[in-house]
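Asks: Protein chains in written order, with this note's numbering: chain V, 327 to 440; chain X, 420 to 533.
Calculated from the structure, these hints are not laboratory results.
Keep in mind the model is a prediction, meaning the values are calculated, not measured.
The beta-carbon is built from N, C-alpha and C at its ideal position, and this holds for glycine as well.
Among the hints, erroneous ones may be present.
Which chain V residues face chain X? A few, computed with CB under 7 Å, are given here [unchecked claim]:
| id | residue |
| --- | --- |
| 1 | S333 |
| 2 | E428 |
| 3 | F431 |
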Amino acid sequence: DAGVIQSPRHEVTEMGQEVTLRCKPISGHNSLFWYRQTMMRGLELLIYFNNNVPIDDSGMPEDRFSAKMPNASFSTLKIQPSEPRDSAVYFCASSSEFTYNEQFFGPGTRLTVL
Amino acid sequence: GDSVTQMEGPVTLSEEAFLTINCTYTATGYPSLFWYVQYPGEGLQLLLKATKADDKGSNKGFEATYRKETTSFHLEKGSVQVSDSAVYFCALSAGGTSYGKLTFGQGTILTVHP
Numbered sequence: 327d328a329g330v331i332q333s334p335r336h337e338v339t340e341m342g343q344e345v346t347l348r349c350k351p352i353s354g355h356n357s358l359f360w361y362r363q364t365m366m367r368g369l370e371l372l373i374y375f376n377n378n379v380p381i382d383d384s385g386m387p388e389d390r391f392s393a394k395m396p397n398a399s400f401s402t403l404k405i406q407p408s409e410p411r412d413s414a415v416y417f418c419a420s421s422s423e424f425t426y427n428e429q430f431f432g433p434g435t436r437l438t439v440l
Numbered sequence: 420g421d422s423v424t425q426m427e428g429p430v431t432l433s434e435e436a437f438l439t440i441n442c443t444y445t446a447t448g449y450p451s452l453f454w455y456v457q458y459p460g461e462g463l464q465l466l467l468k469a470t471k472a473d474d475k476g477s478n479k480g481f482e483a484t485y486r487k488e489t490t491s492f493h494l495e496k497g498s499v500q501v502s503d504s505a506v507y508f509c510a511l512s513a514g515g516t517s518y519g520k521l522t523f524g525q526g527t528i529l530t531v532h533p
């Protein structure tokens, strides 16, 4: 059974460009989470969805960040325009209410904004 | 609100030493408790969990007991190996309408020397 799939694994872009990160959760999981991890700020929850509906986006740093979940098997996190301070590792995780909410993490996308 | 506090790191040990990483929490109701581990360059993965008071989670020689009276979930291992070097995160899930959201501690970096 495949785990959480994220793409791309690495992204290097220039300041001002649009960046789209993608996530495929584990089949059957009904909650999806986007995190950002940096050395300075640690692990931060950006937004999470339940049954494809955004529940809490209070962790999204600015209007430049947006996330969508058009169906149960796909989510995107978009940054437009990107800035150097957005450089981080972005993780997607999914969970199910039937497994005591254990979250399963993807391998992450390492984003570098020059 | 819910919160998790971990002992400050980094922690440096010699191989075969005893490990304790302290974790205390604040939550309403009866949360589930987790320890996640992050190896270099990877996403977080579940190490162990406990879903009710007095439960002991265990995996790969690591153990933690859910102590409701002291609101603690300390991680222990009797004899660490170099391969245990990683970042360890304590987390809780409040259940109910939290939709699987996890509240994480700040993480503890463990380095084990031969």
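Asks: Looking back at the numbered hints, which does the structure fail to meet, lowest number first?
Replies: 1
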